[in-house]
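K.L.:
The residues making up each chain are set out below.
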Amino acid sequence: MDRIITQSWSLLRLYWDLEGKSRQTLSGVFLYVLVIILVTAYIFGSPDPGVWMGIFWVILIFSAVNIGVLSYLQETGGRRLYYMQLAEPLAVYLAKSLYIFLLLLLVSLVSILLMSIFHGWPVLQPGFLWSGIGLGCLGLALLFGFLAAIGSQSRNSATLSTIISFPLIIGLVMLAGKITNASLLAGSTLDLLEVEFLMLGGLNLMIGGLGILLFNYIWRD
Amino acid sequence: MRFLKSYGWKLLGVLLVLYSLVAGLLIPLKPGVLHVSPSAFGPDTLAVLDITGYNTRFTRSEDTRIWLKLNDEFMIKADSVAVRDDNRITAFIHIPPFLPVPEQTVDCALIIDNAIDGAFVKPASVFLRQLEKNQELGYAYWRKDRIENLHVNTFVGFPYRGILEETIRNTYYHVPMWFGMIFLFLFSLVYSIRYIRGTDPWGADKTRALNTIGLLYGILGLVTGALWAKFTWNAFWSMDVKQNMAAIATLIYLAYFLLYRSFEDPDKRDRVTSAYNIFAFATLIPLLFIIPRMTDSLHPGNGGNPAMGGEDLDHMMRMVFYPAVIGWTLIGFWMAELVYRVQVISHRISELPQE
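First to last, the protein sequences are chains A and B.
Numbering of the first sequence is given in my numbering, commencing with residue 1 and proceeding in unit increments.
Numbering of the second sequence is given in my numbering, commencing with residue 1 and proceeding in unit increments.
By construction, these hints were calculated from the structure, which means they are not laboratory data.
For clarity, every value in this text was computed on a predicted model and none was experimentally measured.
C-beta: ideal position from N, C-alpha, C; glycine also.
Some hints here could point you the wrong way.
To be verified - If we take Cβ atoms under 8 Å as the criterion, some of the chain A residues that face chain B in the derived model are:
#1 Val39
#2 Tyr42
#3 Ser154
#4 Arg155
#5 Leu160
#6 Ile164
#7 Leu168
#8 Ile170
#9 Val173
#10 Gly177
#11 Ile212
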């Protein structure tokens with residue numbers, strides 16, 4: 001167990017350093033976020049609260065796909081074999097998911113900041129917004145840590161990861177979206193959303209648990 | 001005996017499906033009221049109600065009686081009725097000047113009873129309004145008549161329900177598709193787990209065969225549902241939560257086949273698709289069983305529990321519905337077995353030495 005944690009930690013730092021050097025993923029994603037926000041601001045002006053939240057989730061879903069796919073795409077051939085010898089599959093999965101999770105949180109922060117400038121700020125209860133984003137990002141990260149690995153095993157991996165992941169994320173995003181939508185209403189309380197929080201937490205646990213159990217089978221060659 | 005042991009379930013499946021087709025399509029509906037016109041009356045008038053029945057035999061019975069029923073306490077009886085043909089009857093009802101309730105407008109159920117068709121109801125079919133209120137006088141008018149000596153409907157048939165009408169039969173073909181799909185996907189999950197744990201080397205092929213038929217059932221469920229929705233909700237697709245979730249579920253399994261085709265190495269393909277299949281089934285559960293319960297839906301028994309409620313199926317329908325579910329599920333497994341056997345044979349052929 002200790003070994004897994006040490007390995008995940010070193011892998012996470014390795015991913016971070018590599019990203020710091022090339023800035024391939026983040027610069028691409030931030031460019032995408034900026035373009036979407038500017039275009040939607042041009043089209044919608046300051047949109048309705050519901051539309052505001054919709055734009056945010058579209059940004060987050062596509063960022064998650066991009067980050068997930070790119071994080072595995074960079075590891076081809078020799079480098080991949082090297083990681084396989086170096087680390088346990090479980091450590092790779094945990095490090096990948098955590099890495100995607102951190103990048104997604106960063107992307108959410110930046111897009112919320114930009115959206116508050118370009119689209120206005122319809123949020124009345126930021127607590128629900130941030131908890132919804134946190135749980136949603138965690139679920140997306142655990143899901144893409146697994147699905148992008150599946151996609152990377154095949155030919156044309158980028159398209160395939162996107163196609164196989166879209167139907168699977170809908171349930172997750174619907175639940176997280178319900179929580180973030182509550183942040184737009186003054187009258188939402190924690191009691192009203194108890195079921196959604198429990199369900200989303202349970203879904204995250206299930207996705208993470210299955211990822212941990214099954215990653216071994218898709219990673220080894 | 002050996003024949004029954006190995007083929008019995010297939011035979012049972014064929015018999016049950018045939019039974020559900022014959023019984024489900026041939027048994028007629030019970031009598032019902034198709035429509036009533038006009039549907040609104042003012043106070044103190046002689047209402048001439050033209051009633052169109054469905055599967056009724058008015059000419060054959062002489063004692064047809066008709067009531068307007070406001071609730072269990074208050075009702076009025078038609079003064080006379082005139083039968084025009086088997087399906088059309090006119091009722092003459094004197095609408096009293098006052099209603100026994102304080103509301104300005106009320107809706108009444110129409111009750112028809114005779115010896116041949118038995119008693120049947122169309123709820124909320126006539127609207128009555130009053131200009132002045134006098135509850136005391138209203139009591140006198142509305143308590144005069146009683147609904148009594150109703151004939152028991154001995155007619156063997158499926159219940160007639162407004163909106164649904166003949167499409168009530170779709171219950172035996174649309175709903176079993178979903179039951180069959182869930183069972184097929186459940187077994188494919190079991191075989192995926194067995195393959196991945198190394199206990200069944202053919203597990204991945206069985207998974208694929210079961211998913212092929214499961215997906216077929218899912219698509220058939222969507223199609224039969226859309227046709228039914230066109231008749232009852234007036235649109236093939238009304239963004240109902242269950243329609244959407246079912247469409248997403250079929251997309252998840254379509255993605256499985258895309259994934260399956262994108263590998264060249266069969267060993268790697270079997271491993272990865274089995275892992276995806278386990279993952280896919282797990283994410284299917286919130287889509288099909290949790291989210292629909294949290295949202296309102298047009299499907300029956302919704303807002304809370306999407307199961308078939310006691311109101312939706314009567315005794316007669318259960319006699320067809322449960323055999324249909326079992327029969328279509330068995331036929332699904334048989335089809336999956338055939339797909340699997342074709343796969344195994346084509347594996348063997350491809351392994352034969354070339355001439």
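K.L.:
Now tell me, hint by hint, if it's right for this structure.
P.N.:
Here's how the hints hold up against the structure:
1. The closest approach between the C-beta of A:Val39 and any C-beta of chain B is roughly 26 Å, which is over the 8 Å cut-off, so the hint fails.
2. Hint on A:Tyr42 is violated. Least Cβ distance to chain B is approximately 28 Å, over the 8 Å limit.
3. Hint status for A:Ser154: holds, given a least beta-carbon distance of 4 Å to chain B, under 8 Å.
4. The interface hint given for A:Arg155 is met, as the beta carbon of that residue sits about 6 Å from the closest beta carbon of chain B, less than 8 Å.
5. Checking A:Leu160 against chain B: minimum C-beta separation of about 6 Å stays under 8 Å; hint holds.
6. Using the Cβ-Cβ criterion of 8 Å, the hint placing A:Ile164 at the interface with chain B is satisfied: the shortest such distance is roughly 4 Å.
7. The interface hint given for A:Leu168 is met, as the beta carbon of that residue sits about 5 Å from the closest beta carbon of chain B, less than 8 Å.
8. Residue-level restraint check for A:Ile170 holds (minimum Cβ-Cβ distance to chain B is 5 Å; threshold 8 Å).
9. Interface hint status for A:Val173: violated, as the beta-carbon distance to the closest one in chain B is roughly 11 Å, over 8 Å.
10. Interface restraint check: A:Gly177 against chain B, minimum CB-CB distance 11 Å, threshold 8 Å, status violated.
11. Because the closest C-beta pair between A:Ile212 and chain B is about 12 Å apart, greater than 8 Å, the hint is violated.
In this structure, the earlier hints numbered 1, 2, 9, 10, 11 are contradicted, and the remaining ones agree with it.
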